[in-house]
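Chemist: Those sequence lines, one after another, are chains A and U. Per our numbering, residue 1 is the first one in the first sequence, and the count goes up by one each step. Per our numbering, residue 1001 is the first one in the second sequence, and the count goes up by one each step.
Bear in mind the hints are in silico, worked out from the structure with no lab data behind them. Note that this is a predicted model, so its numbers are computed, not measured. Be aware that one or more of the hints could be misleading.
[Said to hold, decoys possible] Across the chosen pairs, the derived CB separations fall in these ranges:
1. D1078(U) to L58(A): 19 to 27 angstroms
2. E1021(U) to A152(A): 41 to 49 angstroms
3. E119(A) to R1094(U): 19 to 27 angstroms
4. A1077(U) to R5(A): 18 to 26 angstroms
5. D150(A) to T1044(U): 33 to 41 angstroms
6. N1046(U) to R147(A): 26 to 34 angstroms
7. G59(A) to I1022(U): 47 to 55 angstroms
8. R5(A) to K1095(U): 16 to 24 angstroms
Ideal placement from N, C-alpha and C gives every residue a C-beta, glycine not left out.
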Amino acid sequence: MKSARLVRREGERPLSGEALTELMRAVLAKEKPLRFRAKGSSMAPFIKDGDVVTVRPLGGARPRTGDIVAFLHPVTGRVGIHRIVREESDQFSLKGDNLSGGDGTLSLGQILGIVCRVERAGKNVHLGRLAGGALVASLSRSGWLTRAVDAARRVSGRKRERGSK
Amino acid sequence: MESPISLDFAYGPSEDVVVREIEGEIIIVPLVSGIGDLEDELFTLNETGRAIWRKLDGLKPLRVVVSELAAEFDAPADLIEEDTVGLLQELARRKMIIRKGSASER
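So that you can see chain U by itself, here it is in the shape it has in the complex (with noise of 0.2 angstroms):
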């Protein structure tokens, strides 16, 4: 079971995704193992999810990157937070991101 996203962890893109920012759009292309699958493989995120996958440099903790959201888009960090761990938690569920490590281990 995966750990749910804690904001006291740095993430950042897995080794199983390919991440291309082209022509203003991030695509994400899951590396998949096999070829059975049917589902589409190709994924983008909207304007919010950018400026989120952005921040996701590995080395900054979500709470760091919650706070520089915040006041980037001046809206409430409360809210911020909420939407950012909620689209972790679905990359982290189709494994396009991976936890690198909290402030206290670096």
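Extracted from the complex, chain A is given alone in its bound form (with noise of 0.2 angstroms):
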């Protein structure tokens, strides 16, 4: 008989979409933020594979256009990564920043928290609002945000290397 252990369980296999869906559900539903590391790419580049994500509860707030948000998906009931981009009325129209199409229509019932945090090698990562939600958004729908995105940061890289010349 092994000796009893608490571990941590960052580091080893990723939960399951399954296990994040249920987990996720019962702490937004005590107010309380959830802390976890992100799978997949959908959200590249600001979100990426393996950056911790921290969610918090809509404390009765209304999400905006640009804001990223923990949904259930429509089709799977699996907790979603994703932006808003576009609102009307209670209905809002969702999407991965690096995929080509939409998740559909939601309603505000279907929306669980808000990111507020993403966290890669230790540092903080800009969501991408700074510019405004409507403008961000707007390149998310169009497709353009992720060459947006990279053509600033090489610019920045330039400006960067030219100052310490």
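Fit chain to chain and form the complex, with the hints in mind.
Modeler: This is the structure:
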């Protein structure tokens, strides 16, 4: 009989979609944030595979266009993390920044929480709202967001290079 | 300061955690009040830990838990006691369990 042990789960096999869905619903129902390691690249470059994501409950607030939210996928019933690219009354259109197609229209009740923090290698990642939620959402909707971010990074890299010379 | 773990008391999950048994694994999520904590947030238990956790119903004194586990695992009670108390100390330190009361209080 091995000694009883409590161990951190991070670094072990990732949570399954079902497990993450169940845990997120349980934690957010208690009005607390959930922090976990993301899988997949549908939200690259803002959220990459292995990033640590914190989702906070809506707490009565209405999510806005440009927000990255956790939602229950209407077909699979599992949790997804995508951006709101359009809103109309209580209907929200969601899409992964790095995907060509959207998730369809969701009601407010299908949105579980808002991504409030993304950490990569111990540093916070900017979530793409500083430029204005509507602009980011519009770029994501058109499929230009990832290219725009790559271009901005190239420009800023060149500026840094020039500055160091 | 936390009270030491006592065999005369019952213990159960605290309100500060969400616990789910999913796909044979017990996953413990501490409910943090802020989000500034840089520590990883998900915990799990090994097989022995799971056997102990499942018996923490907040009703049975730990002495009973130890004796049930000793019978189930066919192992010396003093070894089980040491292991169980050690795990509960760690769980209490992380505020994952609370003391529910002694048999004499009920």
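Chemist: Hints first: check each against the structure and report whether it holds.
Modeler: Status of each hint after checking the structure:
no., hint, in the structure
1, D1078(U) to L58(A): 19 to 27 angstroms, "violated (51 angstroms)"
2, E1021(U) to A152(A): 41 to 49 angstroms, "holds (45 angstroms)"
3, E119(A) to R1094(U): 19 to 27 angstroms, "holds (21 angstroms)"
4, A1077(U) to R5(A): 18 to 26 angstroms, "holds (20 angstroms)"
5, D150(A) to T1044(U): 33 to 41 angstroms, "holds (38 angstroms)"
6, N1046(U) to R147(A): 26 to 34 angstroms, "violated (47 angstroms)"
7, G59(A) to I1022(U): 47 to 55 angstroms, "violated (26 angstroms)"
8, R5(A) to K1095(U): 16 to 24 angstroms, "holds (18 angstroms)"
The structure is inconsistent with the numbered hints 1, 6 and 7, although it conforms to all the rest.
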